[in-house]
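Residue numbers (full-length UniProt numbering), protein chains in the order written: chain A, 1 to 260; chain B, 1 to 259.
Please keep in mind that the hints were generated in silico from the structure rather than gathered at the bench. Treat the hints with care, since some could be wrong.
Stated by the list, open to error - If you want the footprint, here are the derived chain B segments under chain A, 3+ residues with CB under 8 angstroms:
(1) 19 to 26
(2) 48 to 59
(3) 157 to 171
(4) 182 to 189
C-beta atoms are modelled at their ideal positions from N, C-alpha and C, and glycine is treated no differently.
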Amino acid sequence: MNFIKVIYSTLRLQMKNSFARPMYRFCLIANPIVNTILLYHMFLNSNMDNFTTYVMLGAGLMGLWSCICFSSAGDINRERFSGTLSLIYITPTSFSVILLGKVIGNTILSFVSLVISFLTALLFYQAPIHIEEMGYLMLAIFAAMICFITISILIAYLLTLSRKTQLYMNCIEVPIIFICGFLFPVEILPSWVQPISYILAPTWAVKLIRLSVAGFTDSLIYFKTLGILCLITILYVIGILLIYKLIDREVRIRASLELS
Amino acid sequence: MKRFITQSWLNFKGQKSVFNLAEFLCFDTGYPLITLIFYCVLAGYSFHTTDLTRWVVGNSFLLCTNTCIFSLGSSFTGERYHGRIRSIIVAPRNKLVIVLEKGLFSGIIAIITVFLGFLVGSGIFRVDFSRIHLFSFFLIIVIGMFSATGFGLLLSTFGLITDQMHLVLNLSSYALMIFCGVNFPVSQLSYGARLLSNCLPLTRSIKAANLLFEVTKGAEVIRLLLEELLIGGIYFIAAFFLIRMVEKVAIKKATFEVF
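Put together the whole structure using the sequences plus the hints.
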C-alpha cells in the first residue's frame, strides 16, 4: 500500500514539476502541433489511404518521444543539479520506486501529445480519423506506455553515468524516431540497420499501434507483435535491475552520487 | 581587426568549451547529419520518389540550425547566465561590432556543416553534383549562412527581452523547417504562410540551390541571392537596433532585461 502511495504522490509531483519547465511544455504542446503541420504537408500527396491518421499518430509519437528525452531521461541528473539526489536516495523508500513514480508521471503526461496531435489535425485540416480496431488500439497504447516507461528508466540510469546529460538527451531524440520507424516502416531502412531497430522496444510498440489503426485480418500477427514487445520489455527490466544494482553498489563504495 | 577576430574566437570557444572534440563533432556534425538522413528517407517514403536531390539540398541548408539558431540564438542568454551582460551593456564598444563578433565563427562553422551535409547527403542518396557549377553553389551557401546568422543574432537579442528562449529558438527552428520549402513545396502553404516564408532566411537560398540542378536560370538565381543578402542585412541591422533599444532601457531602468 505504501508502495502505491509513494508512486502516486511522486507521479503527481513529477507531473507538476515537468509541466512547470518551458522545454517540457514545448515538447508536450508545441512539438506535436508543428510536427502535425509538417507531416501533413509531407504526406499530403502520398496517395496513402487514411494518411491523416498516420500523420497524427506519427506526430503524436514524435512528441511523446521528445517529452521522454527531455524529461525522464534527464531526471536523475536534474535532481543532482538541484542538490536533492542524495536526499531522495537515502529516504526509507527505495530510490528505484521513486524513479518509477517520476517516470510513470512523465509518461502519462507525455501521452497528451498524441491527443494534441489529433486535435491539431482536426482543427487545422478537418482531417478524418479512421481507426480499424479501437479495442486493440487501447491495448497497444497501454503496452506502449509500459514500454516507454521501461526504456525511460533504462536511459535515465545510463545517463546518470555522465555529466553531459544535456548533450546525450539531444542526441537520442531523432535517431530513435528514425530507426524505430515512428514515421515509416523499418523495412525500408538498410538491412544492416534493421537488427538495431528490432532490438529496440519502441519499434514493436509503434508496429502494434499502427496495426490497430490500419486493421488486420489475422489477429495472430497482432499478438505475435505484442509478445515480442513484452519479451523485449522484460529484458529491459532485467537490464534496469542489473544497472541499478551496479550503481547502488558504486554509490555505497564511493559514498558519493557523483558517478562520472 | 585582430581584436575583432580574438573576441570572435573567444565567443565561439566560450560556447563550445563544455564539449571535447568528439562531443563537438557528435553534436555539431553527427547529429545534424542523422537528422538530414532521417528527413530524406521520410521524403522518399512520403513522396514515393528515389530522386531526393531537393531534400538533400534543403535539409543540408537546415544543418546550420544547430549553430545559427541554437548556439548563436542563446548567446546573450549565456552572457547573462555567466554574468558578462553588464560588461557588454556598459562597454563603450559599438554594439554592432559585438553582434558581428558573435556571428563570425558560428557562420564559418555553419558553412562547413552545410557543405559536409551536401557531401554526405549526395553520397548516400546519389545526388549528382557534377552537373552543377560548384562555385555558384558555394556562393549560395555563403549567402544563405550570412542570412541565417543574421536571423540567429536577431533571435539572440530576444534573450534580453524574454525568458522563454527555449520556446523562441525551438519554434524558430521548426519555422525554418516548415516555411522554407525544405521538405515540401512552399506552394502547398496558405497565402499568409507564403508571406511569412518570404520573410525568412534560407527560403531563397534553397530555391536558388535547387535551380542550379534544373535548366540554368542565371538571372533568377542572382535575383534570389540579392534578395537573400538583403534579408540577411535586415536581420543584422534589426539585431543591432534591438540591442540599442535594450541598452537604452537598461540604462533608464538600471536593469539588464526588458521582461
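Check whether three or more residues of the region 19 to 26 of chain B sit with their beta carbon closer than 8 angstroms to a beta carbon of chain A.
-> holds (count 3)
8 angstroms C-beta criterion, at least three residues: is the region 157 to 171 of chain B covered by chain A = holds (count 5)
Can the region 182 to 189 of chain B be counted as covered by chain A under the rule of three residues or more with Cβ-Cβ separation shorter than 8 angstroms?
-> It holds, with 4 qualifying residues against the three required.
8 angstroms C-beta criterion, at least three residues: is the region 48 to 59 of chain B covered by chain A | violated (count 1)
Of the hints listed earlier, the one the structure fails to meet is number 2.
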